[in-house]
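Protein chains in written order, with the numbering used here: chain A, 1 to 351; chain B, 1 to 351; chain C, 1 to 351; chain D, 1 to 351.
Possibly wrong hints are sitting among the right ones.
For identical chains, the list gives no copy identity; a pair is met inside one copy or between any two copies.
[What the hints assert, rightly or not] Below, computed lysine to any residue pairings styled on SDA-like, alpha-carbon distance capped at 20 angstroms:
{"id": "1", "residue 1": "K309", "residue 2": "G233"}
{"id": "2", "residue 1": "K328", "residue 2": "I7"}
{"id": "3", "residue 1": "K73", "residue 2": "G108"}
{"id": "4", "residue 1": "K339", "residue 2": "T316"}
Note that these hints are calculated values from the structure, not bench results.
4 protein chains.
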Amino acid sequence: MKGYGMISVGKHGWLEKERPVCGPLDAIIKPTIVAPCTSDTHTMHGGSGPKENLILGHEAVGTVVEVGVLVQKFKPGDFVVVPCVTPDWTALGVQGGKSVAHDTRLFGSFKFLGSKDGVFGEVFHVNQADANLAALTEGVSPEAALMTVDMMSTGFHGVEMAEIGFGDTVVVIGIGPVGLMAVAGAALRGAGRLIGIGTRPNCVKIAREYGATDVISYKDGDIVQQVLDLTGGGANKVIIAGGSQETFGQAVSMTKEMGTIANISFFDVGHTLSMPALAWGLGMASKDIRGGFCPGGALRIEKMMELIKYGRVDTTKLISHTFRGFEKIKDAFCLMDEKTPDLIKPVVYID
Amino acid sequence: MKGYGMISVGKHGWLEKERPVCGPLDAIIKPTIVAPCTSDTHTMHGGSGPKENLILGHEAVGTVVEVGVLVQKFKPGDFVVVPCVTPDWTALGVQGGKSVAHDTRLFGSFKFLGSKDGVFGEVFHVNQADANLAALTEGVSPEAALMTVDMMSTGFHGVEMAEIGFGDTVVVIGIGPVGLMAVAGAALRGAGRLIGIGTRPNCVKIAREYGATDVISYKDGDIVQQVLDLTGGGANKVIIAGGSQETFGQAVSMTKEMGTIANISFFDVGHTLSMPALAWGLGMASKDIRGGFCPGGALRIEKMMELIKYGRVDTTKLISHTFRGFEKIKDAFCLMDEKTPDLIKPVVYID
Amino acid sequence: MKGYGMISVGKHGWLEKERPVCGPLDAIIKPTIVAPCTSDTHTMHGGSGPKENLILGHEAVGTVVEVGVLVQKFKPGDFVVVPCVTPDWTALGVQGGKSVAHDTRLFGSFKFLGSKDGVFGEVFHVNQADANLAALTEGVSPEAALMTVDMMSTGFHGVEMAEIGFGDTVVVIGIGPVGLMAVAGAALRGAGRLIGIGTRPNCVKIAREYGATDVISYKDGDIVQQVLDLTGGGANKVIIAGGSQETFGQAVSMTKEMGTIANISFFDVGHTLSMPALAWGLGMASKDIRGGFCPGGALRIEKMMELIKYGRVDTTKLISHTFRGFEKIKDAFCLMDEKTPDLIKPVVYID
Amino acid sequence: MKGYGMISVGKHGWLEKERPVCGPLDAIIKPTIVAPCTSDTHTMHGGSGPKENLILGHEAVGTVVEVGVLVQKFKPGDFVVVPCVTPDWTALGVQGGKSVAHDTRLFGSFKFLGSKDGVFGEVFHVNQADANLAALTEGVSPEAALMTVDMMSTGFHGVEMAEIGFGDTVVVIGIGPVGLMAVAGAALRGAGRLIGIGTRPNCVKIAREYGATDVISYKDGDIVQQVLDLTGGGANKVIIAGGSQETFGQAVSMTKEMGTIANISFFDVGHTLSMPALAWGLGMASKDIRGGFCPGGALRIEKMMELIKYGRVDTTKLISHTFRGFEKIKDAFCLMDEKTPDLIKPVVYID
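Input sequences plus hints: build the corresponding full structure.
Here it is, written out as structure tokens:
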């Protein structure tokens, strides 16, 4: 079958691969709408190490075309929403209660790109369908649901880790699609003042619609100083949803004592993360530093869809570009790679 | 000085009392706006035991008229918001981290009504002014701030105890002013479906404005059955903000396994709270039952005012009746005692 | 094959049943050592409703005799420790993070007795072997490991729910084998004063060895009053590990404001659990009431065995009676049903 | 009056200072036993910036010689235990619930050395006596209590932040007196394997007595590699109780995904704390990094003394050297500054 992906590091194009095999607990899905993500282009450029002949893509909604003999809740023809993280729930890594992203090893639950082909194929494979597929909730559009599988689930995880209290001052560094979801989630979690950091006009506009009370730009000077000035001494909670390796230390520096820094941005293998001891209160300021990967599984996606259904958040604001047709995955992918100034999130309606 | 209160159990009227004395850490406040509460009328009817010659009232904003020699942050003339719970912060009961409502004993931090005259006097006393008074936040109206000192702080405490996760189905039993604040707080905390239980038309209307997706009524049948039917098996989180002693068991019965019940409603001394073991999963359903008193102190009120300032919630929707003049405290109190169908919250502008 | 169990409510004996079938993720285990539990006799007497022709038993260590085609970590001949709770990890009930005991419904993860035959057979079935079987940790004896699968895991869950802080005063009501493990767990969790409530001399002795600083008896008067007297006003944390329906209210009454009550004892279907509102601070004392079922899965058992391996706790103190031979399951079961005064926990070495 | 302290940075000796004045909430204490700490010598060497003419010392038990008019619980002659951190409880920094160490600003609650003279005087001052002084618990020796005020309270705070689960593998880096208390606390909190990192023979011996199952040394090679080898891939929880700025990155590197790093060691103003992004799972490994200052107040010290009273821990093992006489503070201080290989903790009995 055909799929779009990386031929080798730095080289992308159409691939011809074997149709995936459906194990007894699994499902084969035909994608209906997919969305490229910076993780896809990042992987293509070698960000996760040398890979080749790999179909990319990890955000999809689609139709079940085959299920394994042990699958109970789904059957061919069902429309499903596919979390980008699909743990092996029989691995011990999910039993500790802290995260389900690391089933057998670090990031082990991220199967697409991580250990098998992604969703930009004619069909794709999902492990443990009963645990990892969610039926589309009534009242939620497929494209709104598509935005939950990574963007919303990841952005909201930043909010969860930040442990926002009612009325807290919160900063979100980076207002690309994940950062915008973190803004929406922080507003929905009881933040008071909510400061987005970003520059692109359409992102700034949506950040404000999602509840940002202030948006500051890297272009207007040091972001740490801007936050310290605005807040009179620092924010309670800071979510890192973009930036460079310097962002780590900046986030710590703009957080008040007893605050929390929550990271949902991928740092690079070559990065060193550092901070002046003083910014961290010499190690004793009760400033927690946390960082986690998008949680997986069907229940979480169901919860996200509840928020959409009941009008708490409109995820479709993220969709800046739409394409139609399977072959347009290429254009969407190239657009994501190019990252034009007006891009937030492209989606491709397969048919 | 003059004050409105209880002469003895069941009897209320104007009292003549000594002007309170200001200790070195304390402040004397002249009220600007006050609001009667059911706790005031409940106390008058003997709900907290036999009391006499006690000025009532515990919700006020006002002007500082005197401060003790050790007070650093306030001076006569300052406009202040007064939490209804004002702990003695040097008592060990506040050091455990779980609640600050019980400074030296159960409810010890509730000084007004509890251990001294309330706020319905020409002036009133506040202990530990630096810790217990909040300056009015710029951009917040005095009457909006007044609604934080008990209604919002208590309602939001129900939400905090309920540990709402994103997308959870939440029920709020009772949509009087505290319940309405619990509804607003639950929506602001990331509830998905949000079911209010109440009947009075203006409360139902405001509940929906605050984010309730459904409102059901006691008049339409058993509320447990209604919730089970609506939710297909129970809510994730239930907040008790009103009702009778039966409400306790009902709340447990309408909560799913692994859910939480959070109580912010005063039960009576004579009540027995009971539930069928089966409703609590024979003791093993991981259904937590919690109940707490309005937390006190200035920081919390500052956080609440942040939410108002940044447009997250409009507390003035609670105000259904306004009065002008110190002597109108009597009318407002009588109205609260009578509880007319259109009453939510009366406020009295002193001058 | 042969197994010991309930013929019908109130009637127990040897049964002849089909050998269980091993699904692709499952394992068939031949028991090496088993232990009867009050849950077995309780089920036999109809405590979980009308059942018939059911092999009982849910505490076992044994040898793998067969594994399904998808099992990766175990093979025939492996010696394994079997948690009494073996969730279906692909069910959504395990994804919420609060408990894994309710996979598809309340107690759904308790398969033995709950939805299939127990471990008192020539062989027995375990679902999702990779997730639910633990290899015996080096340095841990099989009988010590056997005590983890329910007794220690349940007793320690009471401790976890009680959220004991360093130096807290803790009460454990009931010092049968689960209560004794709760005593050991509370000591190991940083309790200061630790009061056991029980009467049987050998249990009292072991409670003290496990860290109880005081043991009081029902025979010496009202246990609430005894605890209030000993502690000068109540304990910080109370764990219910035995008793009757009255125990619920007693536990609340002996807990101080801001404390926690944690239940790990099965109440009966016919029980009503009640407390005076006053004992619960009229609903506002910040006394949390929690109750949960033994958590399941292999990781937890591995953690419990770590504690044994490193000498933190000796679970074999619980073993008061030993039997040898498969056919002695009957004697052990009858002893458990009879509950002689010297009984704590009987074990049967199959061969 | 006389006191021992720093004349200027790097220079210590006897000082002649004014006797402190007792405010209405305060107490003046005559020390009975004191203990120098590395924080004292560190401050003397300029570690907290340029200071002069400052009496040092922050660990003391003593006798009340004067109390302010508002003090209710203490009177001259009472024997008291003095937490090294004595918050101003009317400051808002204590109201957030996360830490009480930062009352008005970072470390504001650390008054001794931080904002006034320490305890190495003929008498010393304690703010808010009712909140900050603990009576000696019956059954606890004065020197055992002295070890709680900083060593145990700080070491145990590391354990609290590490959120140890039953059976977790825990590493404590640095086994000086605070690290030894972290070892004891981790064992008392349910750690399974417990690895201390240190070299000095008497510390190694006591670490084992306190529950360390392994002790490794910097001298035997890279500590990260040693921990990875011992644990087969990393510890669950790592507590930093000593070391250099490199220790930060090492601690992260030796922690498994989903683990926690808890710092209770003071880094220097000039330090930069850094880690390879990969060691932190590229920012997404769910490895929390926390760091906090010794919590203050009387309740915590009372809880610590409960643990001593009930035999859970013997803090006197820390005391390696004893001196007698007020003038011997100098010798004890010099010994602490010299840090002889056999030193753990010196104490000075004043009379």
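Results of checking the hints against the structure:
Taking identical chains as interchangeable, the C-alpha atoms of K309 and G233 lie at most 20 angstroms apart only when they sit on different chains, with a minimum of 19 angstroms there against 38 angstroms within one chain. For the identical chains of this complex, K328 and I7 are intra-copy neighbours only, at 18 angstroms inside a copy versus 66 angstroms across copies, given an alpha-carbon limit of 20 angstroms. With identical chains, the CA atoms of K73 and G108 are at most 20 angstroms apart between copies only, with a shortest distance of 17 angstroms across copies and 24 angstroms within one. Taking the closest pair of Cα atoms, K339 and T316 come within 20 angstroms of each other only inside a single copy of the chain (19 angstroms); across copies the shortest separation is 45 angstroms, beyond that limit.
Comparing the model with each numbered hint stated earlier shows that all of them hold.
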